[in-house]
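Undergrad: Here is what each chain is made of, one letter per residue.
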Amino acid sequence: NAGVTQTPKFRVLKTGQSMTLLCAQDMNHEYMYWYRQDPGMGLRLIHYSVGEGTTAKGEVPDGYNVSRLKKQNFLLGLESAAPSQTSVYFCASKEGGSRGEQYFGPGTRLTVT
Amino acid sequence: GENVEQHPSTLSVQEGDSAVIKCTYSDSASNYFPWYKQELGKGPQLIIDIRSNVGEKKDQRIAVTLNKTAKHFSLHITETQPEDSAVYFCAASMGTGGYNKLIFGAGTRLAVHP
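Read top to bottom, the protein sequences are chains A and B. The first sequence begins at -8 in my numbering and counts up one residue at a time. The second sequence begins at 29 in my numbering and counts up one residue at a time.
Chain A with its partners taken away, still in its complex shape (with noise of 0.2 Å):
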């Protein structure tokens, strides 16, 4: 198994760029969520999703989308790049639940100019 995997790995945008991050997992888990990692303020939830159709907000939503169109894959949109959005972007997923941990991919390192 693969686990969790994150693309890309690197990106760098100009404000007012748009991109997807593009995370899949392989353990047949329901649960999936995006997270963004600064400096100094630990790992902030951006949206999460409870199954394939389904997304919800977490902490910091404003300016990102998402879709789960398929159950192994939760997709990060973000429509007009802003330099605040540079970070560290993080995707886990679960078995659905209250039992279980989650499970990080390994990052992707976004930033924005």
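Rather than coming from a laboratory, the hints here were simulated on the basis of the structure. Careful: at least some of the hints might be erroneous.
Unchecked claim - Quick list of in silico lysine to any residue cross-link-like pairs, SDA-like style, CA-CA up to 25 Å:
| hint | chain 1 | residue 1 | chain 2 | residue 2 |
| --- | --- | --- | --- | --- |
| 1 | B | Lys70 | A | Thr(-4) |
| 2 | B | Lys70 | A | Arg90 |
| 3 | B | Lys50 | B | Pro142 |
| 4 | B | Lys96 | B | Ile78 |
| 5 | B | Lys96 | B | Lys70 |
| 6 | B | Lys65 | B | His100 |
| 7 | B | Lys70 | A | Pro74 |
| 8 | B | Lys86 | A | Val103 |
| 9 | B | Lys50 | A | Lys5 |
| 10 | A | Lys5 | A | Val103 |
To be verified - So the derived label-pair ranges between C-beta atoms look like this:
| hint | chain 1 | residue 1 | chain 2 | residue 2 | range |
| --- | --- | --- | --- | --- | --- |
| 11 | B | Pro142 | A | Arg90 | 36 to 42 Å |
| 12 | B | Lys70 | A | Glu70 | 25 to 31 Å |
| 13 | B | Thr97 | A | Gly68 | 32 to 38 Å |
| 14 | A | Thr45 | B | Arg79 | 24 to 30 Å |
| 15 | B | Lys70 | A | Arg90 | 47 to 53 Å |
| 16 | B | Ser46 | A | Lys5 | 23 to 29 Å |
| 17 | A | Ser71 | B | His35 | 33 to 39 Å |
| 18 | B | Gln73 | A | Asn56 | 26 to 32 Å |
| 19 | A | Arg100 | B | Pro110 | 35 to 41 Å |
| 20 | A | Ser58 | B | Asp77 | 43 to 49 Å |
As the list claims (entries may be wrong) - Example chain A residues on the side facing chain B (calculated, C-beta under 10 Å, incomplete):
| hint | residue |
| --- | --- |
| 21 | Thr6 |
| 22 | Gly7 |
| 23 | Ser9 |
| 24 | Leu34 |
| 25 | Lys62 |
| 26 | Arg90 |
Every residue, glycine too, gets a C-beta built ideally from N, C-alpha and C.
Here the structure of chain A is known, so what remains is to put chain B in place on it, guided by the hints.
TA: Showing chain B alone in chain A's frame:
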């Protein structure tokens, strides 16, 4: 909203010493408290977790304690080794939902010197 405070932000110990990291949370409905270790350039990895129906859990050199009344929990690492050097994050679940939405502390950078 829910808030998790973590201390210290940096911790330096000698190999073989113990290390303790402390966290406090604000939502009394939180019932799940995981600890993650993050090595440079990698995603966080769960090392131990505790649920609100127990006060202590141990796994080899790692232990976690929970005080629900005071709303704080701690990570204890004994007999530290250089490979324990990493950033450690505590987290608390938001409410009692099974979705496991987590609020993370800001992290502790642990350095273990040989």
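Undergrad: Which hints, by number, does the structure contradict?
TA: 5, 8, 9, 13, 15, 16, 19, 20, 21, 22, 23 and 25
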